[in-house]
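Peer 1: Below are the chains, spelled out letter by letter.
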Amino acid sequence: MTTQGHSKAIPLIALAGLAALFTASSLAAAEPDPAKIEFFEKKVRPILVGHCYACHSAETKPAGELRVDDRNGLLTGGNSGPAVVPGEPEKSLLLKRVTLEGKRRMPLEGAQLTEEQIATLTTWIKDGAVWPTLRVSVSVGKLNPEYEQLKKEHWAWQPLTSPKVPDVKDSAWPQTDVDRFLLAGLEAKNLKPVADADKLTLIRRVTYDLTGLPPTPAEIDAFLQDTSPTAFEKVVDRLLASPRFGEQWGRHWLDVARYGESTGPSRNIPYPHAWKYRDYVIDALNADVPFNRFVLEQIAGDLLPAADDAEANRLRIATGFLALGVKDVNQRFKIRFIMDNVDEQIDVVTRSILALTVSCARCHDHKFDPIPTSDYYSLAGIFTSTEIAAGLRNQMGGSGLAYYVPDMLVRLNGDVPPADPAEVERLQAEVAKAKKAWDAIRGTPEGLKPGPNGQPVQRRFRLAYERKLAELNALSDPAQRGLAAHGVRDAKVIADTEIRIYGEAEKLGPVVPRGYLTAFTVPDAKPVSADQSGRLELAQWLTSEQNPLTARVIVNRVWAHLFGQGIVSTVDNFGVTGDVPTHPELLDYLATNFMADGWSIKNLVRQLVLTRAYQLSSVSSPEAVAVDPANKLLWRHAPRRLTAEEIRDSILASAGVLELTRPDGSVVKEFQMREIRDNGPEAKQIHEAANASKHRSIYLPLLRGLTPKALEVFDPVEQTLVSGSRDTTTVPAQALFLLNAPFVRKQSLALAERLLSDASADDADRIQLAYRLILGREPNEQEIDRTSAFLSEFASAYVDNVVAVAAQPLPEDPEPNKADAAEIIDPDQADQSGVAIAEEVIRPNDARTAAWLAFVQALYASAEFRYVR
Amino acid sequence: MTLFSRRQVLKTASAGFGMVALAGLLGQQQAKATDKAAPNPLAPKKPHFPARAKRLIFIHMNGAMSQHDTFEYKPQLQKDDGKPGPYGGILAGSKFKFKQYGDSGAWFSELLPNLAQHADKMCFLRGLHTDTPAHPQATVQLHTGSANAALTRPSMGAWLLYGLGSENQDLPGYITINPPPNFGGAVNYGSAFLPAHFQGTRIDDRGNLPNLRPQVARDAQRKQLDLIQAMNRDFAAAPGAPDAVEGIIQSYELGFKMQGKVPELLDISTEPLKVQEAYGIDNPATASFARQCLMARRLNEAGVRFVEICQPGWDHHNNLHKGLINRCGSIDQPVAALLTNLEQRGLLEETLVLFGSEFGRLPTSQGVDGRDHNITGYPMFLVGAGVKRGFTYGATDEYGIKAIEGRMHTNDLHATLLALMGLDHEQLTYRYAGRDFRLTDVAGEVIEDIFA
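As they're listed, the protein sequences go chains F and E. Under the working numbering, the residues of the first sequence are numbered 30 to 898, in order. Under the working numbering, the residues of the second sequence are numbered 14 to 465, in order.
Keep in mind that a hint or two might mislead.
As the list claims (entries may be wrong) - Residues from chain F that keep clear of chain E, each with C-beta distances beyond 10 Å, as calculated:
| # | residue |
| --- | --- |
| 1 | Gln178 |
| 2 | Asp225 |
| 3 | Val760 |
To be verified - In the DSS-like style, the derived pairs of lysine-lysine whose C-alpha atoms are separated by at most 25 Å in a straight line are:
| # | chain 1 | residue 1 | chain 2 | residue 2 |
| --- | --- | --- | --- | --- |
| 4 | E | Lys96 | E | Lys415 |
| 5 | F | Lys738 | E | Lys270 |
| 6 | F | Lys738 | E | Lys274 |
| 7 | F | Lys132 | F | Lys65 |
| 8 | E | Lys415 | F | Lys71 |
| 9 | F | Lys478 | E | Lys112 |
| 10 | E | Lys270 | F | Lys478 |
| 11 | E | Lys287 | E | Lys270 |
| 12 | F | Lys723 | F | Lys738 |
| 13 | E | Lys96 | F | Lys72 |
| 14 | F | Lys536 | F | Lys521 |
| 15 | F | Lys462 | F | Lys132 |
| 16 | F | Lys478 | E | Lys415 |
| 17 | F | Lys775 | E | Lys108 |
| 18 | E | Lys96 | F | Lys132 |
| 19 | E | Lys112 | F | Lys775 |
| 20 | F | Lys478 | F | Lys497 |
| 21 | E | Lys270 | F | Lys72 |
Worth flagging that the hints you see were computed from the coordinates, not collected in a lab. Backbone N, C-alpha and C fix where the C-beta goes; we use that ideal spot for every residue, glycine too.
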């Protein structure tokens, strides 16, 4: 949450005084010699500003990835290596390039440096390349005195308790201990739970909650006919065993894991292998992988032992959790790219698993929770010691595959023979040569001169490089053989990292040792390993039974999905600004039992749906509303609106066309890792595939910024953010979708035709079946009459005069980019021309079918269909 | 603790109170307006202080229009053409002729002869600067206040709807026409963590809106809708019905109305021929943007809070000369006609128009015939409600490289626009992930000097 270059000055002191607070400090050196600083400011900086900044600074694109307005930028250097080696002018590329003979001498444009200027730079480097020391805010590293108090007081990080199940007055009502906790809460306010739900309501509710689909008429009948005391339990066990369970609950986890099949905002690049992580999540939920193990696999799967290739691959794919976030590949500066990605990882880990907003401590100590910046960078060190193998690198601009690095993918084991190493080596050398030639001419006056064909001379260099690269990829890229995933692995360098002042990646403060949060202690935590990133120990710290948050947070998430709101309503924030638990003892009781029960999500779900509280009716009660209008004490079951996915899946299921097999990957699998726009050919392919798909919505292509049309209007998850709960807005776009979208009409027609094809049925039977399929209940007589009247009226008035669907064709405009584009020389320039997606017209064969279509569609459009009660 | 829950207040309000009373109640509560199921979150809300402008039109020149060849005249640059620039590079004066217009004497090049006629209405901001010289980040920052990729923020239009609601309940309150398909794409008009009803509705330059066209005749669909509403009323009457059912019933009536109204509104062929010609609808070079400009006026007139229109293709790293003739030719007449038309119809008294790009270009040359990006100093201009006419705020150095006076960061621009619309950018907050977020992040200063 940094505002680059925009921070306001607050009282400052020199960094040196703080060094003692930290066990290690790379910048503990004393304030540099003022004379040298003056020399730098008076003589050296003006040279850099006047001759280099235009191409190599934060305010421009860093040509060759080098920036000279930052000491670290000079020391790390750009594509050709360190630009300055303090004390060693002869090793400093900066001097070499400004004295070089020939066209590569810097600066490429404008006046060359004078002898005197070169001498100044030489002296400066010889004297240690002194640069003014960063001044650090007093707050950095100093322990906030309020924190101690917060640590002691705030409920969320106190150790779990083992609360006693409370006594209740009405001992006949509770069926489980969970009920006793809830009833005690109600009785304390002199409230009573409402009546139990009827069986019809109950089977619809539990089937949606556990599988995201409506119960079939056969399932409804079986439950209604089963009068045994275990009838409901049998339904629950059937649903828990269904593969649909993993699809529904996997979707919940994907929301939290901010899953997406592309990098999102600035340059949207597909993640062609993301679906493997999606499938991993679904399978893990179906196999009921213990939640502690599930977390361990996603954070450190690559560091865990595996019995065979299949298990090793599964574990590597699991780390996609850390790799599939939003990435700004167009970020100019590698260090910012790295630190932004680290921030994204810290955010997803801490919010999804701990429900803490640790990311707030990137720039300053957390304002509300006892999370100092030093804690943030303790975690950051674990992730800077980890390489994100998403297949991407950052680069300022670039077309085609410029951001794609096959080596930066996780390689999966398989029996495809490796490519001939000699051939790979030969091509690598050719690629390097072609790249060098392209880099040398790119953007130079020479390169931009028009060639014989009118295109700039440099164009053929770029094409030659891209051709060679494609050849190399075809041979060596594991992705081309299906043996790749997006994930993480330990970096080559394992090291603690520095606090970044105001969160600015370049502004290095003291180093902090890798470690965990200090807001609470986990007594059995192991320290971070010296020779690994520390992800394994972090995952163990997270999933320790002594970690007060992890079990509470997941139990609360599961609770929220089943009861409409969490025991802590802010499911992603257990911090001081979050809500407090409505039933703290119950939360601890559930969390403790959950761990004792082997962290089983399925057992937890089973335990909760078998409570009497879950099986309450949703009918309101004026007395209860007066005392507890928000139903925090759970005197009734709260109705909930279906999610976008549930609405689409239910339409397909009730129309009888839902395809329940798992599709082969994703349409994104065919894409290369090159930028896509939201109106281009890839977007067309994605939307057409999504429109045609009859698979469950979790399997639709889910690229960021390219939400499938059938999900768009019902508050789909914001794929860039950790989202433990969905919005439920009501907007006219939803009405228009249900009235006019080809998707809805198409499925309505399918069901209408199916209803009509049964010649032995009469219209009343058909109406009844439609109600049972779509709303899960029988229509009453009045509804049958109303529908019959509608059908005959609609059919008799029906004229097949579909309103013209195609927009009026207009004269073609000259395409903006094509009109004035020659060779695209700035890789930032992008093709923006659009490809139209044809809108399907759904046309019933005759007036009768049209009327039935309209009726079926009306059931889908009804508010009742949208809700589970 | 409040006596009523917000939902109760709204329920009472929608049952009986007039909209004015409702607006007043919402005004007090809007900073905490997080109730997801509350009906009509788009009802007009009282601003924090009296608004100088009620509606906003942003004319977005995506790709970074060269100010040095259009409306930023630097005599010293023309004089030093071919000499080295102060920060490297070779200075390149404009090849286009500039002259002064109106009483204010603002300079325009020959590329914008029509727009120049409005010089005396304009309020120039000449000291703008932003953080990232790359289109994706800068475009996203211009629209959402932040280029931080790790946390997507709501767009300015979404903030405006959140803060002010919509004037016209029969139309979306925030419409974006022909937005860039990349450079952030939907983020530029998205609602991020704000509820989805605040997001922009995207239409193309032909006025197409998704799912707006019925596939059956209107009377047949009305019959179907009557059936749906009968079912909905039954459902609403059932004990324990969800609060939102009333809202769903309303959403159908509104959606049905929109099917008629929106195409009618976007059907520019009903405009008098003279008006169409004035915008340049008949000329292939200007047709696309003329349609956008005319739709913008019609939407604005109908009470759409924020309309953004967009012309891409300004990224002239090369082919600057011909490219600018083409691009300026495509927008000059339509934009000028829009300003004239807004004024004629009295709309400029309530409407603020913003014109510009995500950043500017350098006065130095790039290659044979191009200019590179410049984020350190570039101009935009405002016209209309709440701002001074024929006024200039801020300036860049003698060559137009760095803003030296009246510097305005993107956050300052946003703070100022919100202030003109009656909103205090520090009060317009939304709590997400335990933190109160703002369009202006932790910065932003309102530039009152430009207020009329």
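Peer 1: Confirm or reject each hint.
Peer 2: Going down the list of hints, with the structure as the test:
1. Gln178: holds, 18 Å
2. Asp225: holds, 13 Å
3. Val760: violated, 5 Å
4. Lys96(E) to Lys415(E): OK: Lys96(E) and Lys415(E) at ~18 Å, within 25 Å.
5. Lys738(F) to Lys270(E): holds, 22 Å
6. Lys738(F) to Lys274(E): holds, 23 Å
7. Lys132(F) to Lys65(F): violated, 33 Å
8. Lys415(E) to Lys71(F): holds, 21 Å
9. Lys478(F) to Lys112(E): Violated - the C-alpha atoms of Lys112(E) and Lys478(F) are around 32 Å apart, more than 25 Å.
10. Lys270(E) to Lys478(F): Given that 25 Å is the threshold and the Cα spacing comes to 57 Å, the pair is violated.
11. Lys287(E) to Lys270(E): violated, 29 Å
12. Lys723(F) to Lys738(F): Holds, at about 14 Å.
13. Lys96(E) to Lys72(F): holds, 23 Å
14. Lys536(F) to Lys521(F): This hinted pair holds, its Cα atoms lying about 23 Å apart.
15. Lys462(F) to Lys132(F): holds, 18 Å
16. Lys478(F) to Lys415(E): violated, 29 Å
17. Lys775(F) to Lys108(E): Distance of about 58 Å is beyond 25 Å: violated.
18. Lys96(E) to Lys132(F): holds, 19 Å
19. Lys112(E) to Lys775(F): violated, 60 Å
20. Lys478(F) to Lys497(F): holds, 24 Å
21. Lys270(E) to Lys72(F): Violated: Lys270(E) and Lys72(F) sit about 70 Å apart, past 25 Å.
Hints 3, 7, 9, 10, 11, 16, 17, 19 and 21, counting from the list given before, are not met by this structure.
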